[in-house]
Every structure is written in C-alpha cells, then in structure tokens.
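Undergrad: With the hints as your guide, set chain H onto chain B.
Quick note, the sequences are listed as chains B and H, same order.
Here numbering that gives the first Met the number 0 is used: the first residue of the first sequence is 0, the next is one more, and so on.
Here numbering that gives the first Met the number 0 is used: the first residue of the second sequence is 0, the next is one more, and so on.
The set of hints was computed from the structure by calculation and includes no laboratory data.
Just to be clear, a hint being listed does not mean it is correct.
Identical chains blur together in the list; that is why a pair holds if it fits in one copy or across any two.
As the list claims (entries may be wrong) - Listed next, the in silico DSS-like pairs over lysine-lysine satisfying Cα-Cα at most 27 angstroms (straight line):
#1 K451 to K411
#2 K261 to K498
#3 K451 to K64
#4 K255 to K164
#5 K64 to K478
#6 K164 to K322
#7 K211 to K456
#8 K240 to K64
#9 K478 to K408
#10 K498 to K478
#11 K411 to K478
#12 K478 to K261
#13 K408 to K240
Model, not experiment: these values are computed from the prediction.
Protein chains: 2
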Amino acid sequence: MSVQDRIRYTSLHSHLMSAAQAASLIPNGANVGMSGFTGASYPKVLPQAIADYARSEHSAGRPYKINVWTGASTAPECDGVMAEAHAVSQRLPFNSDRIMRQEINNGDVNFIDMHLSHVAQQAEFGFLGHMNVAIVEVVAITEDGMLIPSTGIGNNQTWLNMADKVILEVNMGMPIQVEGMHDIYQNNLLPPHRSPININRADDRIGTPYLKVDLNKVVAIVESNAPDRDNVFSEPDEKSKQIAEYIVDFLSHEIKQGRLPKEMLPIQSGVGNVANAVLAGLLTGPFENLYGYTEVLQDGMLDLLRAGKMVTASATAISLSAKAFKDFVDNIDFYRERIILRSLEISNHPELIRRLGIIAMNSMIEADIYGNINSTHVMGTSMMNGIGGSGDFARNSFLNFFVTPSTAKDDKISCIVPMVSHVDHTEHDTQIIVTEQGLADLRGLAPRQRAKVVIEKCAHPDYRDQLQDYYDRAVQTAKGIHTPHILTEALSWHEHFLKTGSMKM
Amino acid sequence: MSVQDRIRYTSLHSHLMSAAQAASLIPNGANVGMSGFTGASYPKVLPQAIADYARSEHSAGRPYKINVWTGASTAPECDGVMAEAHAVSQRLPFNSDRIMRQEINNGDVNFIDMHLSHVAQQAEFGFLGHMNVAIVEVVAITEDGMLIPSTGIGNNQTWLNMADKVILEVNMGMPIQVEGMHDIYQNNLLPPHRSPININRADDRIGTPYLKVDLNKVVAIVESNAPDRDNVFSEPDEKSKQIAEYIVDFLSHEIKQGRLPKEMLPIQSGVGNVANAVLAGLLTGPFENLYGYTEVLQDGMLDLLRAGKMVTASATAISLSAKAFKDFVDNIDFYRERIILRSLEISNHPELIRRLGIIAMNSMIEADIYGNINSTHVMGTSMMNGIGGSGDFARNSFLNFFVTPSTAKDDKISCIVPMVSHVDHTEHDTQIIVTEQGLADLRGLAPRQRAKVVIEKCAHPDYRDQLQDYYDRAVQTAKGIHTPHILTEALSWHEHFLKTGSMKM
Chain B
0 MSVQDRIRYT
10 SLHSHLMSAA
20 QAASLIPNGA
30 NVGMSGFTGA
40 SYPKVLPQAI
50 ADYARSEHSA
60 GRPYKINVWT
70 GASTAPECDG
80 VMAEAHAVSQ
90 RLPFNSDRIM
100 RQEINNGDVN
110 FIDMHLSHVA
120 QQAEFGFLGH
130 MNVAIVEVVA
140 ITEDGMLIPS
150 TGIGNNQTWL
160 NMADKVILEV
170 NMGMPIQVEG
180 MHDIYQNNLL
190 PPHRSPININ
200 RADDRIGTPY
210 LKVDLNKVVA
220 IVESNAPDRD
230 NVFSEPDEKS
240 KQIAEYIVDF
250 LSHEIKQGRL
260 PKEMLPIQSG
270 VGNVANAVLA
280 GLLTGPFENL
290 YGYTEVLQDG
300 MLDLLRAGKM
310 VTASATAISL
320 SAKAFKDFVD
330 NIDFYRERII
340 LRSLEISNHP
350 ELIRRLGIIA
360 MNSMIEADIY
370 GNINSTHVMG
380 TSMMNGIGGS
390 GDFARNSFLN
400 FFVTPSTAKD
410 DKISCIVPMV
420 SHVDHTEHDT
430 QIIVTEQGLA
440 DLRGLAPRQR
450 AKVVIEKCAH
460 PDYRDQLQDY
470 YDRAVQTAKG
480 IHTPHILTEA
490 LSWHEHFLKT
500 GSMKM
Chain H
0 MSVQDRIRYT
10 SLHSHLMSAA
20 QAASLIPNGA
30 NVGMSGFTGA
40 SYPKVLPQAI
50 ADYARSEHSA
60 GRPYKINVWT
70 GASTAPECDG
80 VMAEAHAVSQ
90 RLPFNSDRIM
100 RQEINNGDVN
110 FIDMHLSHVA
120 QQAEFGFLGH
130 MNVAIVEVVA
140 ITEDGMLIPS
150 TGIGNNQTWL
160 NMADKVILEV
170 NMGMPIQVEG
180 MHDIYQNNLL
190 PPHRSPININ
200 RADDRIGTPY
210 LKVDLNKVVA
220 IVESNAPDRD
230 NVFSEPDEKS
240 KQIAEYIVDF
250 LSHEIKQGRL
260 PKEMLPIQSG
270 VGNVANAVLA
280 GLLTGPFENL
290 YGYTEVLQDG
300 MLDLLRAGKM
310 VTASATAISL
320 SAKAFKDFVD
330 NIDFYRERII
340 LRSLEISNHP
350 ELIRRLGIIA
360 MNSMIEADIY
370 GNINSTHVMG
380 TSMMNGIGGS
390 GDFARNSFLN
400 FFVTPSTAKD
410 DKISCIVPMV
420 SHVDHTEHDT
430 QIIVTEQGLA
440 DLRGLAPRQR
450 AKVVIEKCAH
460 PDYRDQLQDY
470 YDRAVQTAKG
480 IHTPHILTEA
490 LSWHEHFLKT
500 GSMKM
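In isolation and in its complexed conformation, chain B is listed as follows (with noise of 0.2 angstroms):
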C-alpha cells in the first residue's frame, strides 16, 4: 500500500511533499499546534525537519523560534529534535522529553504548565493567541476528506479547527484498522452558547470517528512510517506493587462500607510505574466489569481489557510498551470495540469526571503533613513534567489518591515534607495519601489531624520523628495552629537536600 492509497481523496495528493518542503512553511514565531499526547500520535517526521530548518536559519544569522502548543508529552523525535536544536520558545501544556526539560530549567523556554482541560478551550476563547500551523498524524484520509485519527486525538480537533495552515502527516506505520475507534464531539460553540455534554456512561459514543478539517487549509502532506515511542514499563517493584495493595484493600473496604457501589466506578489511571502496578493489582482483585475514563490507555488497562475484568476503556490516547503495542495491533478488532478515543476537552471534562464519578489515581513527586501535593516541581524551582490532567481529575472526582514510594534517591529525599516546595493541589483538594508505608485518608478531617495521620501512615520510618518534631514545635510556636507551620524552617528540608545531598538532619 502506498501513502497515496491512503489518501483516498484523490485532489490531495498534488499536496504530497518532503518534510524538509512543509518545514519551511513554518515561519519563525508561529503558533503550530501539534498532535501529540504521552509518547502518541506526535508527528514523527516534522520535528526533525523543523529542527534542521532552524538550524540552517540560526546558521544564517536569522532568529528562528516556534512555540509549540500539543495535546501533552510527545518524544525525542519530536520535543528532543526541536529542543536540540534550539527551536522553540514557548511550550505547552505538558512535557516529559529530557532535553526539553533541560531548555525549560535553563530559562531558554517559556513553559505554560496548564490543567490539560483547560487547553482547547483557552486557545479558542483567543486567550493564548493566533494559530498559525496545525501539524497532525493521521492514519488516512477518507474519500470524503475526513481524517481518520491515530493513536491519540489529544487538542486536535481544537488545532485544525483554529490553524491558518494545515500540514498532515500520514503514518503508514499505524494500522488502518483503528478507524471507527475515535469518538470526536464537536461541540466548540463558546458560552453563552454552551450546552450540556451527553456522556452518562464512561463507554458513551457522542460524536463520529473522524476529525474534520476546511481541507482548503492543508498546505502540506507528507508521509511518516514509525512507530510511536515505547513507552516501556518495568515490572512493577516492591513498592508499588505495596502501593497497589493498599489501594486495593481500601477500594474493597469502601464497597463493603456501602461508600463505593458494588460495580465500583470508572477509573483513571496516571502514567508511570505505580499508576502500572495498581492496574495490575486490579487484574488480580476482587472487581469486575470495570470501566477506564482516563487520558491515556497504558499497558495495565490493555491487560485489563484482554483479560475481560474491563469492559470499555475511554481515553485520549493509547500509549503503550512496543511489545503490548504489538498486541493491540494484532487483536486490533477486539479492542476497537472496547477502546474508545476522545478529545482531550472531553476525557478530562471536568463536567464529565464529576458527573461519572471517577476514581482518580495520580502519582506526585511530595506531599506535605496537610495534604497538598506537589506534582511538577523538583526542590521548588525544576521542572518536571507538568500538571497534566491530574487537576481535571482529582478536583473532580469522587475519590481520588495521591501516590509515590515515601522516599526518592536512596532514602535521601522524603517525599512527605513539612511543607511541600511547590503547591499543585491544595489540601482542598486531595483524599487520599499512599506510599509503600500505608494510606492515609484525609476525608473529613482537619489539618491537625490530617498530620497525624499522614506522619503515621505515609511518612518513612527514617523521617516520621524528624516530621513529629516539627509539627510538636509547630503546635507549640505558630501564632494560629489552624495549620502549624515554623515559617523558617517549612522548607528547610529542600535547602539541606541542596546543600548536603540529603533530608536527613
């Protein structure tokens, strides 16, 4: 098969031209959103072209810098090239490639780290600015010129809808098969003209499969034959597979307690190897019949779906390991029909989490004695990778858990703190703490007692006296002990870790 069979509407194909030619008409300073989404769906052949082009241009002495709006975290090919390169000045809404990171850190790249469920809409209300160039991957293009979607749909919808320009990326390497898969509601009427979204179910269909495009504004095809990044997992290790158990334990707990219905809720999931190991946990449980309504579809919830504990899983994207990638594609007509892809705006709606009632599970980098939790920000100032939808989720779900081990670099770093160096979600916020040690639940107690319980049940036994010391002194020495805190010494634990290589005091 040729990518001209792909492209069976036929008066494209004068469109058909090399990456470096598309790159070019780019110009420096667009807006270019692009498809993309946790290692899926990213345009594989692009990036590099732009990256090369920018270096012809630096090489020339003319400045060349796009901003580069996605769905979230895309690849080396993609965010590394370009970061390499020197290529982008502004970035957003997520970010996991090393070298970007390294070019966010260094100050050369405005980052915006948004809630994901705010992308689409801000960018159509006007408040991020113009869009010059959409560039997106897509498996085909119908005979009626809609654009059968890859493996994450992510922003793209919002990016044809807005872009001047429009350059498609055929990726002969994505099964033609997935077509039907994708579920895209377009509803981009702005308020006051808004009106309710009608998922009453995690595995209802509202929109059609394709994505649509005024094919007036394709400027460039171009065609791509690659994989989507391996999203490897190891297995999962003592900790999380802890973790799991815990989270487990206390889901069973919930539903004989009346608190959680019999047929449990649909579940989000985070992406990482705790987020893998608590999926692997539910294979092995107590539930069936479950449901996913999460942002990305990851190895444990394929695991879920082969082995009939789920029944439908809902996400804006598929990122998986190259070896369950391959299984996908093999049973490719089982899991059309229990997979289902959505726009980003949809999978994270907040109107829609809270409606169905999700159970959130989101790693963190820290927590704090009073529940909040920071999920982006290494030591109060580095860059992570972003927020991403864990905002969209645990505002709005109806139980949410916050999870990491309890301690990172040999038990150097504690990842319960006095006070967490950067604030993601507020002590309004999160449920429920897990680490290897144990679970802590917050609902409905005060800050007081929420330390109480978070020392005991989360923190490392190397950490629990020095963090029960603090709060002692705390109680003892804050003007108003609503949340006792020794404003000197709330983020000494940072400091020490900077300046000796440790928290320990």
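TA: Same frame as chain B, but now just chain H:
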C-alpha cells in the same frame, strides 16, 4: 399572623416547642447540619439554646460538643454563641465569625475548609459521617407539607435528606412573599446514575420552589422572629474604586478584542467591600443586560437589578445590609421575578460554571509573583474564613480575577510576596490579579513572564524593588529556573513581619 398560620400543614402544630426543648434533643457528639449562608438564613434561636444547653452540661461535669455543618458563614448569634460556649468540636465548610475563628486558631475546633461545591456530595457519599440532626430556617410550611425556604438555600436540601431528625425554625420576620423565588433541584442520584444538569442560561429554572422533607423526621418546630445579619458595607474607598475601574476597563477591552461576547457573560462576585466596589463600577459601566450567577447576592447586585442593568441574578443566598433588605422587602414582587435562589451545589457546580462561562471575581489575602493565591491563611498558619466557593469559580470560570489592595496594615504588609504562605489557588488557575496599582493579565504566560508583570503592575511601590531584588537573585542562584526561588528566603517576608511588625527589610 401567628406562627400557626405559617404552619399550614396543621398536624405539625403539635411539634411546636421552645428552643430550649428542641436543643435538648441534640445529643453530645452529634453531627448537625444547619442552614446558613453568609449571614443569611441561619437558625436564629436554636444556636443560643444549644450554647445554653452546652453550658449547663459542662457545669454538670458532662461533655457536650457538636459538629456543625452549614452552607457557609452564619452570624454572632449562631457561630459566635456556640463557639463562646465551647459547644463545637468540628466546623465545616466556612466561617467568618470572630469567636469561632479564635476557637479554630487556638486548636479547640477542628475546621474543615472545603470547596463549597464539594460539601453536599461528600456528605451524600458518606465521606463526612452520619448526620444526626438538621436545623433549618424556613419562612413557612405549605398545606402539602412543603417548606418555603428563607433567604438562603446552601446545603439545606441535602441536610434534610440525610438527617435522622429535623428541627425547623419558622422565622416570622421573613416576608412570606419570597415564595416562588427559589429553585430547588432534587437530583441526589449518586454515580454511576447521574445525568446532565440542564441549566444552559443563568436564569433557567429546573426545580421547584420548595424544600422537601420526610415529615416523620420533624421532631421540633421553633418560632423565631429576627432579621439576618446586617451585612453592612462601607462606601467603596479609593483603592476599591481603582480596582473596580481596572476591571471594568479590562472587560471593555476584551469585548473590543472579540474575546468576550458583547452581551458579556454571567458574573460571580465574592464577598466584601472590593467586590461591592466592582459591582458599583458595573453600575456606571457600559454594560447592559447583565446576568449574575454567583454564590451570594449582595447589595451591589441588588443595585444592578434595581437599575435595570442586570436582568436576573442567580445565587444560593441573599446577604444584604439592613437598608438593602428593607428595599428588597418593600419591592419583593419586583425582586422575586429577578432573583433565583438555588442549592449551593448548583450555584457552585463545576459543570454549570464552565458551561455558562462565568466571569469570576474574588478577593484574596495575598498573591505571589508567580500567580499562586492565598485566600485563607494569615501568615501561613491562622485561618481567616476559608476558601468558600472561590476555587469552584476560579477553576471553572471563563475569566477569573483575584483582587486585593496591594498592601495591608498601613503598608506594613505587602499583599504581593515572593511566595504565598499558603496556596488555595495554584499558578495553573489564576488568570488576572488586580490591586489598586494595576492589573496583571497572566493568561498564556510562563512563570518568569508572570513575575515581571505582577511586580510591575500589582506591587506597591514600597515593595517593588524588594520583590525585583528577590526575583533577580533567585534567577541567579536557583538550580532550575522554571520557577526561580530562594527557598531560604521565600517565606522570609512573613517571618520578618511576625518578628518586626513589617515586611519592609
């Protein structure tokens, strides 16, 4: 008219009793749901009776404390008297009473500071415990046994549904002609059985004008005759007027830029003098046919309705000065057609705030240069009032404003600081910060860009150099400079104030 005339369901007459008799029905340790929202519709006589009962129990050497859950703040004759009698063990979700605040900050009361939109559902989910008694102020009881609500709804319907026993206060001082003003939507289905809430405009009505209760649960009816708290406001001062002017200019500018519809969008306005000044600014501004969709309807919004500038105002309570309340009563037929009082869960619902595209305006204690907002904690440890609905509105709004004078305590405190001493709204949520110095539009800016704008536009001149100096040194010394900070200094302004009485170094 006697109280019997207001209890048209005559078989309930036998439940009439004194407040003291009713209070004795509330056991030590009870979870008690009370009406009351921002000084409106709180029970007027039961709290004093509870306080008296607590004192007599304490004198007899018996413990007596109850847990008090309301809609929001009440009044000295409710929170105040109970706090003074040490009759409260746990309080949620909001308080503005001085004596209760003391009890919270000295550690005697466990205060749970919640997003107001979370309270009813967390109670229904069973996350807060069992509710023993509900005490709800009403205006009358109909022939059918329906309850005509008073000046606020808050969580009343939820308390009436949940409580084992119900005590009603029939307030003879409230005009019976409010009948028909309320819109109580009863859909307490829990996930996974929820469906969309069909409000598409601020003035849509989807419920009935009455609260419902299982009359078998009514154990007491008590007569009261007292006005709500006199929510008196000082005339807007120069700083408030200046803040209001910046906001009105900004809104006009956004309309000109096509980023805000000409008809504007529904307005939410927090509580306080600055909020009222902004509403006063809208009164003389260029806008017509405004809608309010807010928590609390205060004097400023009543003025807009009377002047014909605002078509309809939706809220969960009417919290007026005594003077404005007289106008409300004198013109009740006019206002009943233009005011809709809803359950707190609906007035603050994320689904509706996002759909309607609310313009949210809330005051704060302090902001930091990166856009984090402290709405609750004085110097990091003492509770002021609580987050209230500011998070519900800010997170889900079309536009959000956080406002404060740039300094407090005769310029001894800068309300713009390097790092806030407590975070209620994160950098991911904050859009626009306004002080009397100027307006900082943070939309689409990365942290370092925000710092520049906040220092330039919002900081008081006395503190501008000090902030810039902190920022410059942070950029030079921080390990990563996505969000430059010097952790040893970040909270030093607050410490300096606690030690010296001033943030000036």
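Undergrad: All hints, please: hold or fail.
TA: Comparing the hints with the structure gives:
no.	hint	verdict
1	K451 to K411	within (22 angstroms within a copy, 35 angstroms between copies)
2	K261 to K498	neither (51 angstroms within a copy, 55 angstroms between copies)
3	K451 to K64	between (50 angstroms within a copy, 22 angstroms between copies)
4	K255 to K164	between (56 angstroms within a copy, 26 angstroms between copies)
5	K64 to K478	between (51 angstroms within a copy, 25 angstroms between copies)
6	K164 to K322	neither (36 angstroms within a copy, 59 angstroms between copies)
7	K211 to K456	neither (51 angstroms within a copy, 42 angstroms between copies)
8	K240 to K64	neither (44 angstroms within a copy, 42 angstroms between copies)
9	K478 to K408	between (35 angstroms within a copy, 17 angstroms between copies)
10	K498 to K478	between (30 angstroms within a copy, 11 angstroms between copies)
11	K411 to K478	between (32 angstroms within a copy, 18 angstroms between copies)
12	K478 to K261	neither (47 angstroms within a copy, 49 angstroms between copies)
13	K408 to K240	within (19 angstroms within a copy, 53 angstroms between copies)
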